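Visitor: Required output: the full structure, derived from the provided sequences and hints.
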Amino acid sequence: MMDSGSKNDANIKAKALAEVLKRYAGTKGALIPLLQEAQEIYGYLPREVMREIAMELKIPFSRVYGVATFYTQFHLKPRGRNIIRICQGTACHVRGGARLLEAISTALGIGKNETTADGRFTLETVACLGSCGLAPVMMINEETYGRLTPEKVPAILEKY
Amino acid sequence: MQDLKEWRETLQRHRRVDRPVITVGMSTCGQAAGGDRVIAALEEVRARLGLQVDIRQTSCIGMCYAEPIVEITLPGKPRVFYGDVTPERVPGLIEKHLVQGEPVSEWALIQVPGEAAPYEGIPVITQSTYYGRQVRVVTSRLGLTDPESLEEYVATGGYEALEKVLGQMTPEQVIEEIKISGLRGRGGAGFPTGMKWSFTRQAPGDKKYVVCNADEGDPGAFMDRSVLEGDPFSVIEGMTIAAYAIGADEGYIYCRAEYPLAIKRLKMAIAAAEEKGLLGRNILGTSFNFDLHIKAGAGAFVCGEETALLASIEGKRGMPRVRPPFPAQQGLWGKPTNINNVETYANVPFIIKNDGQWFASMGTEKSKGTKVFCLTGKVKKTGLIEVPMGITLREIIFDIAGGIQDDRQFKAVQIGGPSGGCLPEDRLDLPVDYDSLNRAGAIMGSGGMVVMDENTCMVDVARFFLDFTQTESCGKCTPCREGTKRMLEILTRICEGKGKMEDLDTLETLARVVKNTALCGLGQTCPNPILSTLQYFRHEYEAHIKDKRCPAHSCQALLIFTIDAEKCTGCGACTRACPAGAISGEKKQPHQIDPALCIKCGSCMEKCKYGAISRL
Ligand SMILES: Cc1cc2nc3c(=O)[nH]c(=O)nc-3n(C[C@H](O)[C@H](O)[C@H](O)COP(=O)(O)O)c2cc1C
Ligand code: SF4
Ligand code: SF4
Ligand code: FES
Ligand code: FES
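Protein chains in written order, with the working numbering: chain A, 1 to 160; chain B, 1001 to 1616.
Honestly, I wouldn't trust all of these hints.
[Claimed, not checked] No farther apart than 30 Å at their CA atoms in a straight line, the calculated lysine-lysine pairs in the DSSO-like style are these:
(1) B/Lys1264 / B/Lys1276
(2) A/Lys28 / B/Lys1207
(3) A/Lys15 / B/Lys1316
FYI, nobody ran anything at the bench for these hints, they're computed from the structure.
A quick note: this is a predicted structure, and the numbers were derived from the prediction, not measured.
Guide: Following this line, the structure appears as C-alpha cells:
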C-alpha cells in the first residue's frame, strides 16, 4: 500500500515537472522560474531534479547548483509541512521581533532554519515582509500575522 | 483611441453608487490585521438582516495603524472610513450606519465627501491631522478604488496619459516633459529620470528593454508593495509610456517573491490590459507594440542593485558588475535597458496627464514632486504617507504620525534602510529632500522611516544593519565581503560589553575604506548606519565600552536584573515566571536573582505586580 502510494506520488510529481519543463522550453532566462516551480512541486530541490533541469536547459549542473545556492528562496533539503517566517527587519526589530523569535524557538524547541522532529514546522527568518505597519510580524505559509506578542504565539501555532 | 474615450465616459456614468457599499482594506497588512474575519462578520450580518449591500475589497489607504479598516458609503452620501473594526463591532456599525443611516462618529477615522454634504463630527480627509499635510499623487487611488478593476482605473482617469502620448506626442516630447517635471528616481539614488530615458533612447540598437525594479528589499519599507497592490495599472501605464519614449517593445517587472499578492494583482492587471489592447501588439490601434512580463525574485537583497537584477532576470546568480557600461548602453542580454523603480514609473502617468510644470511646482528646487514614505517603529500612527518634498521630518513624525508611542522620548529616525543613517532630534527640522538628507549623513533611499525611542540602542541598531548587510553581501568584492564581517565583529563585541576604545577608530577607518572601495552600492553605503550613529550617538558607544552600560537598557549582555528587598512581598510570581530557575527565596520573604543563572529575559519584571524588579 504504502509503497505504491509513494510511488504514485513520485509519478505525479515527475509528470508535473515534465509539464513545467515543456512550458519553459525555449524561454530566455528560464532557470530561476524553473527552479521556483520545481520547488513548488517537491517542497525543496532534490539533486536529481536539478540534474534534470540542467540537462533540459543544456547547461552544466554547476550553474544550476550555483544559482540554487545563491538565492535564499531555494532549499536543498526537505522542509517541514508548515513554514514559519519571522520578520527580523528594522521595524519589527525595534518593536520586539527578536523576543518573538526567541519565544517561538523555545515553544517549538528548534532554532533558526531547523525543522521539528515530527516535520510539522520549519522555523525561518526574513528581512521584511512588507507589513511593517503591524510590526512585529510573521508569516506561516501564506498567512501573515501582525501586532504579535509572545503571548499570542501558542494559540496561532495550535491552528497548524 | 476614440473607443477608450467613449468607454471611459460610459464607465464614469455607471460609477455612481445606487446602493450601499461596504469596502474592506485587504492589502497584505489588512489581511494580517484580521480583515478576512471582518468580511466574514459583515457577510453574516448581511445575510441575517437580508440587506441590499455590496461588500467589496480595496487596498492600503495608508492608515495601517488602524487596520482593519472598513468603509461604509450610502448612495449620495460621503464615504466614511472606520478603523480598528473587529467582528464584534460589525453588527453595531451596520445597525447604526446602514440601517438607521447615522454614521458612528466615535469609530470613524475620516470621511471623503466627494460631492455630498459632509457629515457632522467626522474629520474630512483633507482637513484631518493624518492626511491634511499629505499630497496624494501616486497613492491617490490607494484604498479608494478596486485595484483589480481596469474599469475603475480608466474611470478615474487611467490611460488618459497613454492616449495623450500615442495621440499627440513624439518620444522626444515625452522625454522633454519628464525632464521639465524634474522627476528623480525613487529607488534610492535620485538620478534624473528624463536624462536616464534619453540615454537609453540615444543608445544604438533596435532591441531595447524597460525594466521595473520592484525588489524592495529594504527592511522597514513597503511603499512599492502598497503601490503594486493598490494601483498596479499606474505602474503598467508608466512603463508603457517609458517604452514608447525610449523605443522598447518588451519589458520586465522584477518583483520580490515575498510579495505574493502584488505578483497576483500584476498578473491580473497585465492580462486585463492585454485584453483591452492596452498592452501587446498595436496598442490603441497604433503601430506601437509592448509586451510585459513578470519575474519573481528569489530572495537576495543585492538583486535590488540594477546590474544584479538584470543578471537575475537572465537566470544567473544575482551579482553586481562594474559600471560603465551602464544598463542604458548594455543592459538585459546586452541590449540598452531602462531601469526605474515602481514609484518612479507610477508618477509618469500623472506627469503626462497634467504636465511637467505641474509636477515641478511641488517640492523644492532640486527635489520635485512628492515622495511616499513608510512610517514605522515607535510612532503612534504607523502607515503609508505621501508628502511634498521639502516637508520637515518633525512635521512627518509629530504632526502626521502623532509623535512617539506611549509619549516616550524621541531618539532617532532611521531613513534609507541599510544604506541610510540615523538622525537625532536636532536634525528634525531638516527639509526632506535628496540633498539635505545626504548632507546630514542619511539618504532619501526608497522611503522607509523607522522611528526609534529612548528604549532603542543605537549601537545595536548599527549592529543590526551590519548583520543584515553582512548576510546579504554577495561576496564578489573583498572590501564588502571581509569589511562587513570585521565591522560586525567589532559592533557585536561592543554590544556585549567587550569593546575597547580603539575599536571606535578601527571601526571608523574600516567604514571609510569599505565606502570608498566596494564594488556596488550595497558595500559603498553599508557603513552609513555606523558612521551616522558614531557621529550623533558616540556617547552611547562610549557608555558600552567604558561603563559597560547600555543606556537604552536594550543590549542583553549588559543588563542586570535585581529585586528591591523593600518592595518585594515574596509572592513568588517571578520565580514561577523565570525560565532559568534563577530566582530563589522563602515565601513572603524578599527574593533574590542569581546573576550567574539569569538569562536576562525580563519575564520576572513583567510579572511582578509590585514593581520590585528593576533592570539596570
Ligand atoms: C544593494 C542595493 C539594493 C537596491 N535595492 C533597490 C530596490 O529594492 N528597489 C529599487 O527601486 N532600487 C534599488 N536599488 C537602486 C537600483 O540599483 C537602481 O538605482 C534603481 O532601481 C533605479 O531606479 P530609479 O532611477 O527609478 O530610482 C538598490 C541599489 C543597491 C546598491
Ligand atoms: S514578584 Fe515581585 S514581589 Fe513577588 S516575590 Fe517576585 S519580586 Fe517579590
Ligand atoms: S530576567 Fe528572566 S532569567 Fe533573569 S531572573 Fe528574570 S525571569 Fe529569570
Ligand atoms: S520590518 Fe518586519 S515587516 Fe517590515
Ligand atoms: S495596508 Fe492597510 S492601511 Fe496600510
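Visitor: Now, for every hint given, state plainly whether the structure supports it.
Guide: Evaluated hints:
no.: 1; hint: B/Lys1264 / B/Lys1276; in the structure: holds, 19 Å
no.: 2; hint: A/Lys28 / B/Lys1207; in the structure: holds, 15 Å
no.: 3; hint: A/Lys15 / B/Lys1316; in the structure: holds, 26 Å
The structure agrees with every numbered hint stated previously.
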